[in-house]
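Student: From just these sequences and the hints, can you work out the full model?
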Amino acid sequence: MTKLVVAKFGGSAIGIDGISIPLVIDRINDLKKDSKIIAVFSAPLTVQNGKKCSLTDVILEQGRNVEDGTKANLDVIRSCYQKITEFVNSKNKEDCQKSIDLFLKKAEEALDEALVKKEFANEVRSRSLAFSGEILISHVMNYILRSNGIKADAVSYDDWPIITDHNIESTNFLASKSRENLGKIAKLVDENEVVTIGGFIGKTPDGIITTYERGGSDRTAADLG
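If you read the sequence shown in my numbering, its first letter stands for residue 292, the second for the next number, and so on.
No lab work stands behind these hints: they were computed from the structure. We treat Cβ as the ideally placed atom computed from N, Cα and C, and that holds for glycine. Be a bit skeptical, because a hint or two may be false.
[What the hints assert, rightly or not] The calculated lysine-lysine pairs, modelled on PhoX-like cross-linking and capped at a C-alpha distance of 25 Å, are: (1) 324 <-> 299; (2) 409 <-> 374; (3) 374 <-> 343; (4) 327 <-> 475; (5) 408 <-> 389; (6) 475 <-> 324; (7) 299 <-> 343.
[What the hints assert, rightly or not] Ranges between beta-carbon positions, derived for each pair: (8) 393 <-> 470: 25 to 35 Å; (9) 481 <-> 307: 28 to 38 Å; (10) 384 <-> 407: 26 to 36 Å; (11) 442 <-> 314: 38 to 48 Å; (12) 355 <-> 326: 25 to 35 Å.
Tutor: This is the structure:
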């Protein structure tokens, strides 16, 4: 029976603007010598106004801005991902950029909804965080791993295995519902050396994006384990 390891890589492991990604690749190459891997990723770190922060913090600040009537600006987040794509080779660069553009558009749409409502909460908040942070970095890391000769794939949100209740901003894991939804990720594990997934993010049985509390990527890793 093939051994399976669930490995969590937080923002500090990825480093500011992805500077430590080579170390992540080394760690994954070491682990996959005798195991399949589910790699759980947190939102990356960047520098804003001279201070290190998570992209989660950047989005939360933008959320406060839209509540005050100021349109969101994702330039800091775009810049972070552009630096991270330096680890993507030419073969995978175009597809990686398409993923970045797609997910950041979804994050912007959620923030625009919050601007209209002047409320950054619940599903709008969770969509903004997921599509700019954990879900997006899991797809970008998939392309980085492929660029380094690793057979990898990312879990799509349609196939999300972490099923939760409707407590949107501080959600609770539903173990039995999640077990019913493991087929797709099990297939990905069978077909690849590494499967990437965003931490912190859940999905209700009827498809609403949810988030754990801060530090939720650790819970995702535990839930998948």
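Student: Indicate, hint by hint, whether the structure satisfies it.
Tutor: Hint by hint, here is what the structure shows:
no.	hint	verdict
1	324 <-> 299	holds (17 Å)
2	409 <-> 374	violated (32 Å)
3	374 <-> 343	holds (15 Å)
4	327 <-> 475	holds (15 Å)
5	408 <-> 389	violated (29 Å)
6	475 <-> 324	holds (24 Å)
7	299 <-> 343	holds (21 Å)
8	393 <-> 470: 25 to 35 Å	holds (30 Å)
9	481 <-> 307: 28 to 38 Å	holds (35 Å)
10	384 <-> 407: 26 to 36 Å	holds (35 Å)
11	442 <-> 314: 38 to 48 Å	violated (20 Å)
12	355 <-> 326: 25 to 35 Å	violated (42 Å)
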